[in-house]
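Model the full structure from these sequences, guided by the hints.
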Amino acid sequence: MSATVKAAGKTVGWVDDRLTTSNFLKRNLAKVFPEHWSFMLGEIALYSFIVVMLSGVYLTLFFKPSMIEIAYNGSYVPLKGVEMSEAYASTLNISFDIRGGLLMRQIHHWAALFFIAAISVHLCRVFFTGAFRKPREMNWVIGVGLLTMALLAGFAGYSLPDDLLSGTGLRIAQGIMLSIPLVGTYLSFFVFGGEFPGTDFISRLYAVHILVVPGLILALLTAHLMMVWYQKHTQFPGPGRTNDNVVGYRLMPIYMAKAGGFFFVVFGIITLISGLVTINPIWLYGPYTPDQVTAGSQPDWYIGWLEGALRMMPNVEWVIFGYTISWNILVPAVIVPGIIFTLMGLYPWIEQFATGDKSEHHLLDRPRNAPVRTSLGAMALSFYILLWVGGGNDLIASFFDLSINAITWFLRIAIFVIPPLVFVATKRICLGLQRRDRDKLLHGLETGNILRLPHGEFIEIHAPISEEEKAVLMSKPTRTPIGMPEEVDENGVALPGARMARLRARLSSFFYEDNIALPTPEELAAAEAHLRHEVEESAPAMDEDRRLIPARDGAVLHDSAQDH
Amino acid sequence: MKKRSRRRSMAAGILMGSSLLLVGSGYAVVSAETTPAPEPTSADSVEQIQLGRQLFLEGCSSCHGLEGQGIASDNATGGNGGPTLIGVGEAAVDFQVSTGRMPLAVPEAQAPRKEPLYSQAEIAALAAYVATLGPGPANPTEEQLNLDNANIAEGGEIFRTNCTQCHNFAGSGGALTDGQYAPSLMNATPKQMWQAMVTGPQQMPVFSNETITDEDKKNLIAYVQALKVEPNPGGLDLGRLGPVAEGLFAWTAGLIALIGVAVWIGAKVR
Amino acid sequence: MSTHDNLPATTDESAAIAQATAALPAHRPRRTDVDPKAARRAERQVALMFLGSAVMTILFVVAFVAIPVDQTVYIWGFGTISASNIALGVTFGLAILLIGAGAIHWSKKLMNEKEIVQLRHPLASTEKDRESAVAAFDDFSADSGFAQRPIVRRSLLTAMALFPIPLIVLLRDLGPLPGTIMRETLWKPGSRIVIDPTGRPVRPSDLAMGGLISAMPADLPAVQEETGNLNARAKAAIILVRMEPQEIIAQQGDNWDYGGILAFSKICTHVGCPIALYEQRTHHLLCPCHQSTFDLADAGNVVFGPAARRLPQLPITIDPEGYLVAVDGFAEPVGPSYWERGDS
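Residue numbers (this note's numbering), protein chains in the order written: chain A, 1 to 564; chain B, 1001 to 1270; chain C, 2001 to 2344.
Treat the hints as calculated values from the structure; they're not laboratory data. Take the hints with a grain of salt, since some may be wrong.
[What the hints assert, rightly or not] One side only, chain A facing chain C, incomplete, derived with CB under 10 Å: (1) 192; (2) 288; (3) 296.
Ideal placement from N, C-alpha and C gives every residue a C-beta, glycine not left out.
Put into structure tokens, the structure is as follows:
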């Protein structure tokens, strides 16, 4: 043991002589990270990305990004002699003739699916806990950039093998390019080296897929992690945890063992799945030709929402002065995604503007304590999920014996109706939870034990909540809307900027006005006294075991006049 | 005659079983269900047609009319509307009845495949009777269904050009408009596939022998037969439905496992 | 003991840390902390996982060498699958997984776990630092004369604004200009219609009532051979369908059918998927990508879905030998809409 330490010391010394590392190590090895399972969602994404890179490098050794047509002569019998591109043939080769090739292909593809899924869940965690607030707005934007790049990388990878599905996906992408006004046709001709499909695209896409996009992801990822490191991780409220400190375990050894171990676990689970479950059996799809197609032509899940938007859109197209504007493609494939990503990227500033909150936040919000944000998020999620359902409407139709047309019509209406309903419902749930938190603080936990007092009154025994829970509940920030501004000065002259201030005041009350206030210290003191009294009063009674019936469904036999 | 045909069907059963094994290596599939005996005597034939007519009157005429002329659905007799069977041929009857699609249990968007209601002999009789109503596509001969020398790769080309658009890349089926669907091909026998192509049941278009020749059909059927037994090298096939099933798996089983580990890591130990 | 990472603790800070630390929930000792037996058991479990990983790695190598790449195996619940893939995946997966599981188990059961409080400091620099940074910039500006010499400044900005242009110009040869090529297909008057992929010509009688066939111009294979790409195919693919002539409600031109046989482009007018889900009774053609539905009996008009334009129809007739041929090329561009397409 001491020999190891000695050797380590020697190495550290050698490096330190040259790079002054000890100071850096001293500071950083002891760095504290708060612990919570949801803080590891981003790690899943990071580790999946590493797995994608490792398996991707392996695949580049065998994949041939070429659209030259050859006759297949590998070992997969049902395609023997069929004309196909070298890209497709080399993918068949990886799948059937190279030992472990199929495993690596499946690892690459599964890891890519998990990568984007983990990013999505991580994004939700950051959003719903308000971790994007000052000082982390820049990192939020980088995160949105990473998501975009991940989608691009995924789509490019899906398109490379030149099988029937990937070619169909490219054809759709090209159709979308064509719909862009003014430059669309030129864009498509430059990207594809002429008409679709041409012979240039796969090799061009290859460079994008293995160099440009991963390079950007790596750069953004580095910035993302460095900022987390520098700004220190946020933490959930709890006893001892404040906005000015960070409570958790040191990087070495606990965090290192857990995070390092988690990498291996993620890698291991992806590998196991890849050994057991088929993904993208391109040999069944057949080689791409622009006049063949399969039922259930679908993109990978992360493009499904775009596919759904395309499917749902009614067929509006204008011809103005001899030029075509295809709203049926532009709206779902260009405009809506553009709006979604812009709103997502700007959200920290939107909320900042609306609430006027410019302070630093290191303590996370419990989602219920920011009901409007939570409801906006839930609304956006429901919108996304509906688009997603649209992307799979044909499979839903065949599985549940429904009509595609009926599903599409349902979605066309639901996309406008359901998200607002989700907003309202979520907000009510959040406020209900806030009320419950307040009740807990004032009256403690309902134990379910009903007691009849000597004078005949029935009460439910309440137990005090734990200190830990109390700390969490009491951490709820007090948020009040900005009041309506003075519109005119004392002389009755309109103040400059009054309109903006008014908008802001309205937004702010939209965000905050319904919040349930924490009990005041006086209320808390009174409640505590009451609770103590109740416990004292019930103690002898409990001794005699005069409990009657346990209350169900949280029924409270309480003097309601005292409750509020 | 009778004895002979029973032996034939027994032999066919054995062949059916062994063919499933053979298909994997040699894709040699022998049809098990070629019902019509070679050149029946005219007495047999008359007897068969008479039996067929009897069965038809009992089981089919309420929708298709007493003479197979069809009934409009708003007919005053209250019968469910059924199309005319004049000229549909024996192949259509054999297909519809042997796949259990006819007789229809309840009128719906599309007749589903179910257990056939009639025996082989009864189906043959029905088919023989309907064939007398007017000329139509005949059942394939054994020679036409002999897949011994079929070229699977060429069959795949024809499959991808003509079939995958509705039946999916692996023959798993797919949705059509208004609740209709192209069924999975995994339960269809070579004979039924052939019959479906030449008769165009329900919404399926007709692929006549002149456009997709005997040879093409053979290759095509051999490709589908190969698909049925083709291994899934990668593991679980998730129904061969494409990326939607994969995404569903990633989000359910996969991500739940990964998040489960994260929860384990974050959980306090006692 | 634990202080902010790069500053010596002031008394205030120490007090803050002490206060927060006192508020932390008391550390509940784990079983492994109090029971040496439990600790030893945990130790053994961790070691077992690490050793298991080593065994799996060796098994992986064995499987790699021993199992032929095309060997299949039947496994209950999975069906017939590649023996190599499952063996490699399971051994490699477990080899990695067990290292991770061991490390996590180790950290949870055996490593000293103590929650530590560190302070955060406001991220903004002090006013003084900010001022000196601004002052430094003023210095740079004065030293360089950037502000005083507008001519240098403006010319530099002009040069900087222009210099990326070559990088964009260089992209010009990525592809040819569209010209009118999007309007052209291989179909011209007299082009013979042949079946895809077999290349056989079609007589009207070949197509049964309710029939469908995918077809192409006879010269497509040669063109494809010559150009080495699939561009011509992407525009020329058609489908032929046959219905009773009296079922045809409308066509895109007078008598563009031949005895109830109609030819339509196979490329969807939405975003270009090949489209051939033909329902012979309703004469509807459905696109599997976005479910645009066209009524072929009614001039290929859109009846459902996101496609905005009808499917272009190809006028057909027969040649002296009795085979189906095109009367003319398509009257309008096939495939998805594009800016310059306009009404035609």
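Hints and how they fare:
The restraint placing residue 192 of chain A at the interface with chain C holds, with a minimum CB-CB distance near 6 Å, inside the 10 Å limit. Annotation: interface hint on residue 288 of chain A holds; nearest CB of chain C at approximately 8 Å, less than 10 Å. With a least beta-carbon distance of about 7 Å to chain C, the hint placing residue 296 of chain A at the interface is held under the 10 Å criterion.
Of the numbered hints listed earlier, not one is contradicted by the structure.
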